[in-house]
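Read top to bottom, the protein sequences are chains A and B.
Sequence positions in the first sequence follow my numbering and run 1 to 226.
Sequence positions in the second sequence follow my numbering and run 1 to 421.
Since the hints were made in silico from the structure, they are not lab data.
Hints may contain errors.
Claimed, not checked - To give an idea of the interface, some chain A residues facing chain B are shown, with a C-beta separation under 10 angstroms as derived from the structure:
| hint | residue |
| --- | --- |
| 1 | GLN53 |
| 2 | ASP68 |
| 3 | ALA71 |
| 4 | PHE147 |
| 5 | LYS154 |
Claimed, not checked - No farther apart than 20 angstroms at their CA atoms in a straight line, the calculated lysine to aspartate or glutamate pairs in the EDC-like style are these:
| hint | chain 1 | residue 1 | chain 2 | residue 2 |
| --- | --- | --- | --- | --- |
| 6 | A | LYS154 | B | ASP176 |
| 7 | B | LYS247 | A | GLU145 |
| 8 | A | LYS61 | A | ASP102 |
| 9 | B | LYS247 | A | GLU142 |
| 10 | A | LYS124 | A | GLU134 |
| 11 | A | LYS61 | A | GLU21 |
| 12 | B | LYS247 | A | GLU134 |
| 13 | B | LYS334 | A | ASP68 |
Bear in mind the structure is a predicted one, so any value in this text is a computation, not a measurement.
Glycine is no exception: its CB is placed at the ideal position from the N, C-alpha and C atoms.
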Amino acid sequence: MAADSPLMALFGRSPVKPMQEHIQIAHQCVTKLLEFYDAAVDKDYEAAEEVRQSIIDLENKADVLKRDIRAHLPNSLFMPVPRSDLLELLTMQDRLANAAKDISGVMLGREMVIPKKIRKSMRKYLISSIDTSERALTALRELDELFETGFGSKEVKLISGLILKLDKAEHKADEYEIKVRRQLRVVEQDYPPIDIMFVYKVIELIGNMANYAQRVGSRMQILLAR
Amino acid sequence: MSIIAEYGQWFIIMVCVFGFLMAWGVGANDVANAMGTSVGSRALTVKQAILIAMIFEFAGAYLAGGAVTDTIRKGIIDPVLFGSSPELLVYGMMSALLAAGIWLVIASIMGWPVSTTHSIVGAIVGFAAVGVGVDYVNWSKVTSIVSSWVVSPVLAGVISFLIFRSVHRLILDRSDPFTAAKRWVPMYMFFVGLLMSMVTLLKGLKHVGISVSFVEAFLISCLIGVVVMSLGAAMLTRIKLDPEENKDFRFTSVERVFAVLMVFTACSMAFAHGSNDVANAVGPLAAVYNIVASGGLVASKSAMPSWILILGGGGIVIGLATYGYKVMGTIGRKITELTPSRGFAAELGAAATVVIASGTGLPISTTHTLVGAVLGVGLARGISALNLRVIGTIIASWIITLPAGAMLAIGFFFMFKGMFS
Numbered sequence: 001m002a003a004d005s006p007l008m009a010l011f012g013r014s015p016v017k018p019m020q021e022h023i024q025i026a027h028q029c030v031t032k033l034l035e036f037y038d039a040a041v042d043k044d045y046e047a048a049e050e051v052r053q054s055i056i057d058l059e060n061k062a063d064v065l066k067r068d069i070r071a072h073l074p075n076s077l078f079m080p081v082p083r084s085d086l087l088e089l090l091t092m093q094d095r096l097a098n099a100a101k102d103i104s105g106v107m108l109g110r111e112m113v114i115p116k117k118i119r120k121s122m123r124k125y126l127i128s129s130i131d132t133s134e135r136a137l138t139a140l141r142e143l144d145e146l147f148e149t150g151f152g153s154k155e156v157k158l159i160s161g162l163i164l165k166l167d168k169a170e171h172k173a174d175e176y177e178i179k180v181r182r183q184l185r186v187v188e189q190d191y192p193p194i195d196i197m198f199v200y201k202v203i204e205l206i207g208n209m210a211n212y213a214q215r216v217g218s219r220m221q222i223l224l225a226r
Numbered sequence: 001m002s003i004i005a006e007y008g009q010w011f012i013i014m015v016c017v018f019g020f021l022m023a024w025g026v027g028a029n030d031v032a033n034a035m036g037t038s039v040g041s042r043a044l045t046v047k048q049a050i051l052i053a054m055i056f057e058f059a060g061a062y063l064a065g066g067a068v069t070d071t072i073r074k075g076i077i078d079p080v081l082f083g084s085s086p087e088l089l090v091y092g093m094m095s096a097l098l099a100a101g102i103w104l105v106i107a108s109i110m111g112w113p114v115s116t117t118h119s120i121v122g123a124i125v126g127f128a129a130v131g132v133g134v135d136y137v138n139w140s141k142v143t144s145i146v147s148s149w150v151v152s153p154v155l156a157g158v159i160s161f162l163i164f165r166s167v168h169r170l171i172l173d174r175s176d177p178f179t180a181a182k183r184w185v186p187m188y189m190f191f192v193g194l195l196m197s198m199v200t201l202l203k204g205l206k207h208v209g210i211s212v213s214f215v216e217a218f219l220i221s222c223l224i225g226v227v228v229m230s231l232g233a234a235m236l237t238r239i240k241l242d243p244e245e246n247k248d249f250r251f252t253s254v255e256r257v258f259a260v261l262m263v264f265t266a267c268s269m270a271f272a273h274g275s276n277d278v279a280n281a282v283g284p285l286a287a288v289y290n291i292v293a294s295g296g297l298v299a300s301k302s303a304m305p306s307w308i309l310i311l312g313g314g315g316i317v318i319g320l321a322t323y324g325y326k327v328m329g330t331i332g333r334k335i336t337e338l339t340p341s342r343g344f345a346a347e348l349g350a351a352a353t354v355v356i357a358s359g360t361g362l363p364i365s366t367t368h369t370l371v372g373a374v375l376g377v378g379l380a381r382g383i384s385a386l387n388l389r390v391i392g393t394i395i396a397s398w399i400i401t402l403p404a405g406a407m408l409a410i411g412f413f414f415m416f417k418g419m420f421s
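Start from the sequences, fold in the hints, and give me the full structure.
Put into C-alpha cells, the structure is as follows:
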C-alpha cells in the first residue's frame, strides 16, 4: 500500500549515458568503413557485403537508441542544458552513423573500382575522416564529467581543448579531400565517366562524414557556452 | 465531566491504538521518503538505512519532537476553550487521528501522493471548525502552518542550492577533486553535527528536564560537531584513490568520499523526520491523555509525559521494520540518478529546514521539503533531468488532502458524539 512518492516522480532518466552510448555505436559504424574499403579495393565484394551488413545492424541499433532518448526527453523535463540543444547534438551524432551507411551503400551498390593511382591517398583520406569521428567521440566521453562537475570551468576548458583538436582533424580531412580530387582529375579520363562520377560522390560523402563529426563538436560547444 | 470519568480508560486505550497505528503508517510510508535518497544514491544499503532510521527516527522523536507535538495538541485549537465540555475535544482528537489514518490508507491504495502532516492538520481544523465552532480554531496559527508548507520547500531549495554551489566551488571544479573532497567533506560533517545538536539542546531537552542557555548550547554543539567530524575523518581515511575505477568516469573515487558524508546526512534526515512527523501520531494522543489524566480539566500548561513520545517513536520504528523497508527499496530503485555529491546536498538542505521547523513547532511535510531541496540542487545545474510536473502533483495533493481529512474527521466526530452521549 505504498503511495507513489513525489520523489519517485521527480527524477527523470538522465540522457547523459544514453547519449554517450549512442555516439559510441555511431563511431563503431564509422570505423567499420576502413575494413569495408579494404575489402572493396581488393574487389572482395562478398566480404564487403558482410561488413556492410554489420554497419547496417549498428546503424539500426543507433536509431533505436536515438528514438529511445527522444522518447525519454519530454518537454516537462528540467535540465541544466536546453532540451533542444541536446536533441540537435543527438541528430548530429546520428548522422555520423547514417554517413557510414551511405558510403558503404554507394560503393557496394555499384561494386565500385577505385582507380589504382588514388587508392593510397583515398585510404588516408578515409582514415582522417574516421579520425575526426574518433575525436568527436572523445569529446562526448567527457559529457558525464561535464554534468558531474556541474559545468565546472576546468571541465569546460578541457572539453574546449578537445573540440579544438576535433576542428583541426576536420581541417586535415579537408586537405586530404583536395589532394584526392586533384589526383582523380589527372586519371579520370582513363575510366568510364559514370564510374568516376560515383567516385567523386564517395569522396564527397567521406567529407560529409568528417563534417558531421565536426558539427557534433560545435553542438557540444553550444552546451558549454552558458 | 461524567463521560470522561466513565469512559476515560476506554478513551486512552482507543487513542493509544489509533496513535500507534498512525505512527506505524508514518514509519511504513514516510520514512522511506526521507531515507530513499540515500538508498537511491547507493550510499547506504536498505538494511543500513533501516538501522540508521530506527536509531535516529527514535532519537529525533524523543529528543526534538516535543514542540511540534505541542502545536498539534494545543496550538491549532486551544484546549482551554473546551473548558465546559472537554469530551468534545476527546472525540475530536480521536476522529482526527482516525480520519487522517484512514485517508492515508485510501490514498496509499490509490497510489496518491499525500502527506501525513497535511491530513492530520486538515482533520483537526475540520472537526473543530464544523463540529464545534469556527471560533475554536486558532486561525493565525493555521495560517502560519499553511504558509510554512510553501516556505519549507523553498527554503530547503535555497539551502541545497547554496550547499551544492559550495561543493562545486570547493571540490568539483578543482584540478584535484579527490584531495579537495577529502579536505572539505569533514567540514560538512561538522555542520551536520552542529545543526542536529543545536536544535536538540535548545528545543528538545526541555521535557527531559535539562535547559541550557544559547551560548552553552552553541559551545556544546561545536564540541559535538568536532566529534562527528573526527569520526567522519576517521572513516574517510579508508577511502583511497583507485585509478582503475576512474578510467571511465573520473569522479568515481570522489563520489565514494561523498558517500561517506551521506551516511551522516542520512542520520540527520532521519532525526529531522522523527522530530517533525512523530507529532502527527502522538499530538492528538497527548491531548486526549491530558484531559483524561486530569479528570476532565483542560489545562494547557500541563506537561507531556515522555512515554507518549516513546510510543510514537516506537510505532515509527515498528512500521519501518514491518513494511517500510519494502517502500524504501522501491523508492531507492527509482531514484538512482542521484549521486552522493548531490544527494547529500539535498538531504542536508531538507534536514536543516525540517529541524528548524521542528524547533519552531511547525508541522511540515518532510517529503515535500526534500523535493524542494532536490529542485534547488537542480537549479544549481547539479542534476541532469528533473520532472517539473511533480510540483503540480504536490499542489494537487494539498488541495485534495485538506478537505478530505477534514470531511472524514467531521464524520467521525459526530459518530463518536452519538456513540458516547
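| said: Are any of the numbered hints broken by this structure? If so, which, sorted upward? | reply: Hint check: 1, 2, 3 fail, others pass.
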